[in-house]
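Chemist: Read off the chains here:
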Amino acid sequence: MSGHHHHHDHDHDHDNHFTPIEARVKALETLMVAKGYVDPAALDAIIDTYETKIGPRNGARVVARAWSDPAFAARLKADGSAAVAELGYGGRGGEHIVAVFNTPEEHNLIVCTLCSCYPWPVLGLPPVWYKCPPYRSKAVIDPRGVLADFGVTLPQGQSIRVWDSTAETRFIVIPMRPVGTEGWSEEKLASIVSRDSMIGTGLAVVEAQS
Amino acid sequence: MSQPDLAAALAADTPIPRDADGPVFAEPWQAQAFALVVALQNKGVFTADEWAQALGAEIAEAVAEGGCRDGSDYYERWCEALEHLLIDKGLTSHAGVDALAASWARAAEATPHGKPIVLENDPERER
Chain H
2 MSGHHHHHDH
12 DHDHDNHFTP
22 IEARVKALET
32 LMVAKGYVDP
42 AALDAIIDTY
52 ETKIGPRNGA
62 RVVARAWSDP
72 AFAARLKADG
82 SAAVAELGYG
92 GRGGEHIVAV
102 FNTPEEHNLI
112 VCTLCSCYPW
122 PVLGLPPVWY
132 KCPPYRSKAV
142 IDPRGVLADF
152 GVTLPQGQSI
162 RVWDSTAETR
172 FIVIPMRPVG
182 TEGWSEEKLA
192 SIVSRDSMIG
202 TGLAVVEAQS
Chain R
824 MSQPDLAAAL
834 AADTPIPRDA
844 DGPVFAEPWQ
854 AQAFALVVAL
864 QNKGVFTADE
874 WAQALGAEIA
884 EAVAEGGCRD
894 GSDYYERWCE
904 ALEHLLIDKG
914 LTSHAGVDAL
924 AASWARAAEA
934 TPHGKPIVLE
944 NDPERER
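Residue numbers (this note's numbering), protein chains in the order written: chain H, 2 to 211; chain R, 824 to 950.
Heads up, a few of these hints could be off.
Unchecked claim - Distance ranges between label pairs, derived from CB positions:
no.: 1; chain 1: R; residue 1: Glu850; chain 2: H; residue 2: Glu87; range: 16 to 26 Å
no.: 2; chain 1: R; residue 1: Leu942; chain 2: H; residue 2: Glu169; range: 26 to 36 Å
no.: 3; chain 1: H; residue 1: Pro135; chain 2: R; residue 2: Val941; range: 11 to 21 Å
no.: 4; chain 1: R; residue 1: Ala883; chain 2: H; residue 2: Asp150; range: 44 to 54 Å
no.: 5; chain 1: H; residue 1: Ala83; chain 2: R; residue 2: Asp921; range: 39 to 49 Å
no.: 6; chain 1: R; residue 1: Asp921; chain 2: H; residue 2: Asp143; range: 41 to 51 Å
no.: 7; chain 1: H; residue 1: Arg162; chain 2: R; residue 2: Pro935; range: 21 to 31 Å
no.: 8; chain 1: H; residue 1: Ala149; chain 2: R; residue 2: Gly937; range: 21 to 31 Å
no.: 9; chain 1: H; residue 1: Glu208; chain 2: R; residue 2: Pro935; range: 35 to 45 Å
no.: 10; chain 1: R; residue 1: Ala933; chain 2: H; residue 2: Asp40; range: 23 to 33 Å
no.: 11; chain 1: R; residue 1: Glu888; chain 2: H; residue 2: Pro179; range: 46 to 56 Å
no.: 12; chain 1: R; residue 1: Gly919; chain 2: H; residue 2: Ala83; range: 37 to 47 Å
no.: 13; chain 1: R; residue 1: Ile910; chain 2: H; residue 2: Asp80; range: 40 to 50 Å
no.: 14; chain 1: R; residue 1: Ala849; chain 2: H; residue 2: Thr182; range: 29 to 39 Å
Please keep in mind that the hints were generated in silico from the structure rather than gathered at the bench.
No residue lacks a Cβ here, since even glycine has one placed at the ideal position from N, Cα and C.
Full structure from sequences and hints, please.
Modeler: Written as structure tokens, this is what we have:
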């Protein structure tokens, strides 16, 4: 495809390289924006509508399976890429998916401090805020403050571990299974797993029945 | 985004890779290309029918040449269809897209790690 070589001392340099097709899509977009036919914000809105709704459902199925099947959870912990491949999810190779499990003692939060590395195969495209500098820096400096921004308060005594994604290693948070979900089907369990809960900026919660 | 937009985008006879809830994308550029087509239809730059014909023709050509069997190159065909349709409409040219794509590629390489890639970073860009 190109003469670009990946250097392992720069985990993130993949982000500063466009494959020919990526460059072509950007070119078409630029042309249409310049002509006033396309508003970049409208494109973001379309992508958000179609992609954020769809991509994270893969991850939600992974979480629901892990909650339901201890043997799967163990495999997921040992080798995330292999375990998610059991469900048919995989990347374009080279990226390892690492599942980090929340526990009563430790909450996990994922970030990519240098760009926007993200586990596409299980979560789809990253949300806009994930790519923004404020999140990327604050997640490291003040993770508890980030959670507060998202309306999440952790119990005292639960520490926060921040995982910095790279081109090679992408993390997915496995949230804790909420109480009151005993006996639920995997499908029903998956429905309460939000994208944010798999980034660590949210929790899996059972909505109060109205 | 309302359902009719999606219906229009999916009007092509050729099935889009999707699951029960909508289109699925393997990589971000595919979502960008998808969104671009939806936005251009919303703006009336081309109709759903014109898009269906353009994409259908591109895929038929690829299938005739032995490609597009498993759908893995679906969005490559999608991009070609878009480019050809815009050229047919007189909105751009192959050379124009080539030049701009090359500029984006140079801009990406010239962008420091962790910084957003913007076209202005192309060292050869005319100012």
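Chemist: Please go over all the hints and tell whether each is borne out by the structure.
Modeler: To see whether the hints hold, each was checked on the structure:
The supplied range of 16 to 26 Å is met by R/Glu850 and H/Glu87, whose beta-carbon atoms lie about 22 Å from each other. Checked against the given bound of 26 to 36 Å, the beta carbons of R/Leu942 and H/Glu169, roughly 28 Å apart, stay inside it. For H/Pro135 and R/Val941, the hinted distance range of 11 to 21 Å is satisfied, since their beta carbons lie about 19 Å from each other. A hinted range of 44 to 54 Å for the beta carbons of R/Ala883 and H/Asp150 is consistent with their spacing of about 50 Å.
The given range of 39 to 49 Å is respected by H/Ala83 and R/Asp921, whose C-beta atoms sit roughly 41 Å from each other. Roughly 46 Å separates the CB atoms of R/Asp921 and H/Asp143, a value that falls within the hinted 41 to 51 Å. A beta carbon spacing of about 29 Å between H/Arg162 and R/Pro935 agrees with the range 21 to 31 Å that was offered as a hint. Take H/Ala149 and R/Gly937: their Cβ atoms lie about 25 Å apart, and the range 21 to 31 Å holds.
The hinted range of 35 to 45 Å is satisfied by H/Glu208 and R/Pro935, whose Cβ atoms lie roughly 44 Å apart. About 27 Å separates the C-beta atoms of R/Ala933 and H/Asp40, a value consistent with the hinted range of 23 to 33 Å. Roughly 52 Å separates the CB atoms of R/Glu888 and H/Pro179, a value that falls within the hinted 46 to 56 Å. Taking 37 to 47 Å as the suggested C-beta distance range, the pair R/Gly919 and H/Ala83 conforms, at roughly 45 Å.
For the hinted restraint 40 to 50 Å between R/Ile910 and H/Asp80, the CB-CB distance of approximately 47 Å keeps it satisfied. At roughly 31 Å, the beta-carbon separation of R/Ala849 and H/Thr182 lies within the given 29 to 39 Å, and the hint holds.
When held up to the earlier numbered hints, the structure conflicts with none and fits them all.
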